[in-house]
Each structure stands twice: as C-alpha cells, then as structure tokens.
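K.L.:
Below are the chains, spelled out letter by letter.
There are 2 protein chains.
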Amino acid sequence: MLKEQDLGNWRKTHGLSEINPAIGDQQVVIMGWVSAVRDHGNIQFIILRDITGEAQITAKKSEVGEQLFAMIKEVKEHSSIAVKGKIRPQERAPNGAEVIPSELAVFSIARKAAPFVTQGKTSTVGIDTRLDLRAVDLRRSYLQCVFRIRQTLLNSIREFMSRQQFIEVSTPKMIATATEGGAALFPIFYYNREAFLAQSPQLYKEQLTMAFENVFEIGPIFRAEPSRTNRHLSEATSIDIEKAFADYNDVMSILERLIVNIVDSIKDRNKPDLAFMELSMPALELPFPKYTYSDLIDKLQEAGEKIQWGDDISPQALKSLSDQRMNGFYFIVDWPTSAKPFYVKPSAADEKISESFDLMFGPLEMSSGSTRINRKDQLVERMQKQGLKSDSFDYHLRVFDYGMPPHAGFGMGLERLLMALTKLDNIRDATFYPRDIDRLAP
Amino acid sequence: MLKEQDLGNWRKTHGLSEINPAIGDQQVVIMGWVSAVRDHGNIQFIILRDITGEAQITAKKSEVGEQLFAMIKEVKEHSSIAVKGKIRPQERAPNGAEVIPSELAVFSIARKAAPFVTQGKTSTVGIDTRLDLRAVDLRRSYLQCVFRIRQTLLNSIREFMSRQQFIEVSTPKMIATATEGGAALFPIFYYNREAFLAQSPQLYKEQLTMAFENVFEIGPIFRAEPSRTNRHLSEATSIDIEKAFADYNDVMSILERLIVNIVDSIKDRNKPDLAFMELSMPALELPFPKYTYSDLIDKLQEAGEKIQWGDDISPQALKSLSDQRMNGFYFIVDWPTSAKPFYVKPSAADEKISESFDLMFGPLEMSSGSTRINRKDQLVERMQKQGLKSDSFDYHLRVFDYGMPPHAGFGMGLERLLMALTKLDNIRDATFYPRDIDRLAP
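Chains as they are written, first to last, in this note's numbering: chain A, 45 to 486; chain B, 45 to 486.
Isolated chain A, as found in the complex (with noise of 0.2 Å):
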C-alpha cells in the first residue's frame, strides 16, 4: 500500500521543463502533480507536471526493482508526487528525455477520479461540473495556457502604463454612494450603516487626477448583475486608466496602443501556448476603424433593423450589419449624452452628443470611456437631469472647487479582453473563481 508522507527534507532540483539529456548521469528531484499513468504490464508511465511544463517517469520492473514497481504502478491520476532519479535520452518523450526513478515519494494521493480529463482543448462536461471542482480543472492544459496569457495581459498593461508615466492607485471598494444610479449595486452592512461595494473606481479615479495627473488602477468591481449571459460575471477585474489634460481622443490614441503592445506581447511571451491552443493573435493596423453612434443607427435602419436614435447598440445588432472591418477592434464614437452616465462630458458643439466612446471587439464592449466634465456646476446639472441628488455626492462635488484639471479616461474588462483574444466561449473560464447570480462557491 501506498503511503502518503511529509515533504520533510525533499526539496526539488529542477521543473520538468529543465529535464532533458543535457543534464547526463546527475541526480534529480522531481515533483508535481500526476497528468497521466500508463500501465504496459512490466514497464509504467507517469506523466508528471508542474508549473514550467512535463517530463516523463519510466519505470521498468527490471530496473527500478520490484518494491519501487509496486508502489509507482499503484500512483493515480492527480496524485501529488516526488520522484528521486537520473536522467536517459527518449526521443519520445517530453524535452527528449525520461526519468528513471531510484526513490518515490507520495505527498497526497488522490482519492477520487475526477468527473472530467484535463488534456486537451475541450471539456466533454458541462463547465458546472468543473466550476464545482475549479482547482482541479485549472489543471486543464488549455487554462493553463489561458491564465499563462492573463499574467502577460497583467504585465504588458502595467509596463505601457508605467512608460506612459501613469501611477497605479487603489481606489476603496467599500463605497458611501452609488456611483451611476443604485442599479445593480451589492448592499454591504458597514459597521452600522449600509454602504455598497463600488460597480468602478470612477470618481476616485477622477478625484485622483488633481494630484497624479495620470493613474491607472486594475482591480475588482462588483455589479449585482441579474441575468444569466456568457459574457457577464457579478465579480470581474477593471482596467481604468484616467488622465489629466487630455479628452476623449487623446485616451482613444492611449487605448489603441495598449491593446497592440498587449497582443504583441502575448505573440512574443506566450509562443508555446498560442501553439498548443492553435490560436493566434488578431492582425492590427492603428489607427482601430472608428464609426460614430448617429452613422451606425442609419445602417442599421438601412438594415432594417428596428432601432432608433438613442437606443442602445445591441450585439445581436451589430452582426446584422456585413462589415468586414468588425470582425476586429474598432470604436464607436459620439454616443447620446442621454445614453451615458452624468459626469460624460457633452459635446460643445452639440449638448445632445457626449464626448464617448465604446472599444468593440466584433458584436463584445470591450472598454467604455470620454471626457469627463471638470466642473462643478455643469456636473450638478447633468446629476439633477438623470435623477441624481447631488448631496449624496458632496465628498466628491467638493473637491472641483480646488482645481480640476480637464480629464478623460476609460475603464475596459480584463476577463472580456481575455475571453476575446483566446476565444473562450464562456467568460466565467477567464477567471479563477467565477461568480454570478447563482454562484458564490467555490
């Protein structure tokens, strides 16, 4: 019988990505956790994996003796494992090379089989089942890949930002008032008042922009979304960016050049996993395709689809219309004021037009932004028209009194972008632990 035991003194020489012939008649130790065992009679398999990639346990019975036989052809599936043993070349094998074992540790076996494999690029069970299980389905090769690229997401972002002199912030996620009307907000009991957790760090990140100029912020936001999509979740990760002295277009410029520095850095970061998925990278060409909100409302009607002046833009919508050109990013541009939360600055121009965009990606909203107003009456004004008590927003209105500078910004969801570039079909696979009307666990 196997027995499971303490990690003690085994610590590990390399990752499995390391193992291969050029290592020669030196001893390692190996560790991770078990992806598959084959069992060919006098010679077993394992395949072990760890966080740089796989290597291959062979264990013949004239070998490796029969004590140590015994107890590799009892390893299962998902079982946790170390593996003393030297090193012989194997075409076959991962990196060209096996593992010979001389001594076997097992750390934790695995008890149960889990109701799905975690090869290959598809599920053969409902994402329920594997939500029920997460950790074990993040094992899954093809999220592997997936959350590999999230990480070159998180970096590129960060790195672009930095070069663009933005400061990262963090805005409070326990806030006093809803920030765009009380739709969709999580109540929370604060101590002995009630309080929300914050749907965006919008106003914060605006306020921020007096004393940083430039801040950006990737966090949580929370929105207590009722319906049941693909393409939503009720916890999600927002990227917001605010900048002073600029309008809509100056963070469009900004925008455009983030999504092609993050796509280049997965095609250059993540070469291994964009093979393994057969994805690749969509082509880009700055400046992105821009329509604006009042040209696209005439073709859709030319479309004949019925849609007026003011609606919103359904997905649905936008596939009805044959333009090559969304099939990939581009912006709409100029929406209705009336259509957009009260601190959009309207156009000079035109007070029925605001100063905003939509990032789209085909029929998805990647990303929303425009020119915020910086000042205090106009902001109360526009507060009042969509039904807003400006006292509930006196900790914010106070501040414009001592210098707002003219700003712009925009937030944009990380799972949504995720979800796009690797194709996922559902959102709830671009995050680690999802959460949505019907899950809280695990």
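Be aware that a few hints might be false.
[To be verified] Cβ-to-Cβ under 7 Å is the rule here; a few derived chain B residues that face chain A: (1) L51; (2) R82; (3) H122; (4) F320.
It is worth saying that the hints were derived from the structure and are not from the lab. On a predicted model such as this, the values are computed, not experimentally measured, just so you know. Beta carbons: idealized from backbone N, C-alpha and C, even for Gly.
Following the hints, position chain B against chain A.
P.N.:
Showing chain B alone in chain A's frame:
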C-alpha cells in the same frame, strides 16, 4: 476677470521636469496645478506642479504686457492652468530655468483656499481635516513621495515574484464562508442570500497551488476592525503568496529576500523622494534574526512582563525588551498551535507548536505565514478543535481528494510595510482613501 476655458486644442509639449535651459528658443506649453504664487508688485511668480516635478513661471509686467499680467495676478493656488511661453535660464528656479509666459489658459479656478498647505513634510492640521479633502491633500509633496515609493514597492514585488516563477492570481472577494471563524467580517447581501467580504485569499490561494504551484496575489482585503488605532484599516491591500512543495522555512527565505529586493529597489528608484523626505532605508543583512515564540516568552517573563506561554505578544511587551536587533526586521517563529488558524500545520515533533512565523519590523507585525495542512482528515480535525463546522467548508475540502501538494505561504500588509519604510505616523496616510470604523467617505 479670469475665465475658465475648455482644454480645446491645448496640449502639453513638456513635463515640468523637462523645463531646462537646453530647450533654448523653442516655444513650450506646460500644464499643471498652481502650488504657490508670489506677488512682487510688477513681477508675479507662479510655481506650477505636474506629476514630473515643478517649474517657475515668471511674469514681469513690462515683459508680458498689461493684459496677460493682470490675468496672471488673479491666478490662485490650486488652480489648474496651462501656459505657453519661452524658457530663460534662471539659477534660482527648479532645473535652472524659468518660463516667460506669452499665453495663459485657465481650465479650473480654485474657488476656495485649502484648509492646509501642501508643501513641507508635516501638516499643521489634523488628519481628519486632510482626509475630508483627500484629493487636495494628496498634492502634498510628502505624500507624493510616499505614493511613488508605493509604486516601486508594487513593481519590485511583482518583478521578484515573477523571477521566482510565481503566477499572479485573483481570488474572489465575495465569499460564502468565513475563512478563520466569523470574527470581523463585513456581511454582504448577495442577490437573495448572505455572503461576506473576504478577509484574506487564504483558502483560494492554497487551492491554486494544486494547479499553478506558485501563486501570488496583491489585492484588497476587508476586516471589520472594531478598534481605532493608527495601524489598522478596514480595507487594506494584502500581498499573498503560496508555494507548493515548500515549508515555512522556504517561504521565510523568500520573504526576507523579497524585503531586501524591495528596499534595494526603493534606494535605487526613489533617490529624489528619499532626499526630499530626509529618509534612509534600513540596513539589512540576510538571514533576518529568528526568535522562537517560546524563547521570547522566557525573555519577557525575565523582563518582568506578566505573560504566559500561549498568550499573544503585544507591541507593548516587545518594546520592553532592549534588543538592538529587534529595531529592524526579524522573525518570531514556532507559535503555539492554539494561537493560529486551523490550516496552520502543527509540528510533527510537538503538536502544541506550529510551523508558523510572523515577520516583525520593530514592534509591528508585517506578515504572517506558515506551513499549511495538506491532508483532509487532519484539516477537518483542526476545524473541529477550533469550533468550526467542516460542512460549511465542503467546497474547500473536496479538492483535497485530488492530490493537494505540501505547501506554505504568507500574507503581508502593503500599507503596514509602506508605513514602516516611510516612517508614517498613521497607516491612513499609506492608502489613497482610508476606510475605518468612522470613515466611509470620500
């Protein structure tokens, strides 16, 4: 009368730190907020600040003309303005240059005098007055230095963890079950049921070692801290790491090298800030001193403290020991198992003692870590001993059936560390918008 105008076609050509005599005869456009004005009769000086630094605008009536001079005379501190002009060498001005204005744009007039000054190291008013107007308060030079150091801290942590092959993760902030008992949690109304804000990513980061081996997260945590102190926040930023195939000694080694990396990065990247703050970083030597909990209890008892084995060690008690090495960073290791949460691994040699540590800086706790239990039965037993219902941890316990590796990790408070390194009196100044029992706004 000064009139406010829109940004329009005004665009910055130079950051203020770039304003120097080498620019020569070229026309510049600079923007920022007014940090000081000086009225010398027929000469007006404006000190302008932006994120890069500051520059002096010098307006002589005879040189700039009466109309522009009259406008400049009206400009008040904190206003947001732009100036078009030429450079002239001026030894007494920042970077050896002054700007002779030819055109002025006022984007936002300061309508009130701030109740505090933004120059200098200390503030003359209480922290609540400053926090009520935090965006203006954050213009203080000292705080700008603090938050530039914060940025270095964040970047150097991410760089270090990436080099150690840790993957950055995000765990859910809305959770169904209290991690460490029910104390100090904020309840949320999650659709139609009760949930809580996460006080730590503990169980999630442990699970994620199954799939990603080495993970880290820098994100918000929430504690309904009932006390009013200068070192607690209700919403803080936690730096969390968790590593498979490691014990508490391994992660202590990572933590002390991380601290050295942070301090070296600050010394390297924040020279002007350290100079302005008259601040030096602590001298560090590896390894950090280690004291066992039991030895410290003995020492404290010798020093006359009323303390028993099993008690927590207060900052007050630590101050009573006159040990030079305790002024800097040091570890307290091997805490009583009863004093630690259920997931902390008891020592194999003595169950009463756990494989745990606190990283201290002087009398302040910076970080807490341990080897974790990776066996389901042992975990359930520890839950029951601490009066927790293992049923409510079903979603956590079930993944232990699939090969949970041995693992260890720590959590560290970003604001605590920033406070300690920059010698702030109050942790509230180490965060942009602090939250505590009394404060939920701005």
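K.L.:
Next step is simple, just say for each hint if it's right about the structure.
P.N.:
These are the hints, each one checked on the structure:
Annotation: interface hint on B:L51 holds; nearest CB of chain A at approximately 4 Å, less than 7 Å. The interface hint given for B:R82 is violated, since its Cβ lies 18 Å from the closest Cβ of chain A, which is over the 7 Å cut-off. With a least beta-carbon distance of about 4 Å to chain A, the hint placing B:H122 at the interface is held under the 7 Å criterion. The restraint placing B:F320 at the interface with chain A is violated, with a minimum CB-CB distance near 16 Å, outside the 7 Å limit.
When held up to the earlier numbered hints, the structure conflicts with 2 and 4 and fits the remainder.
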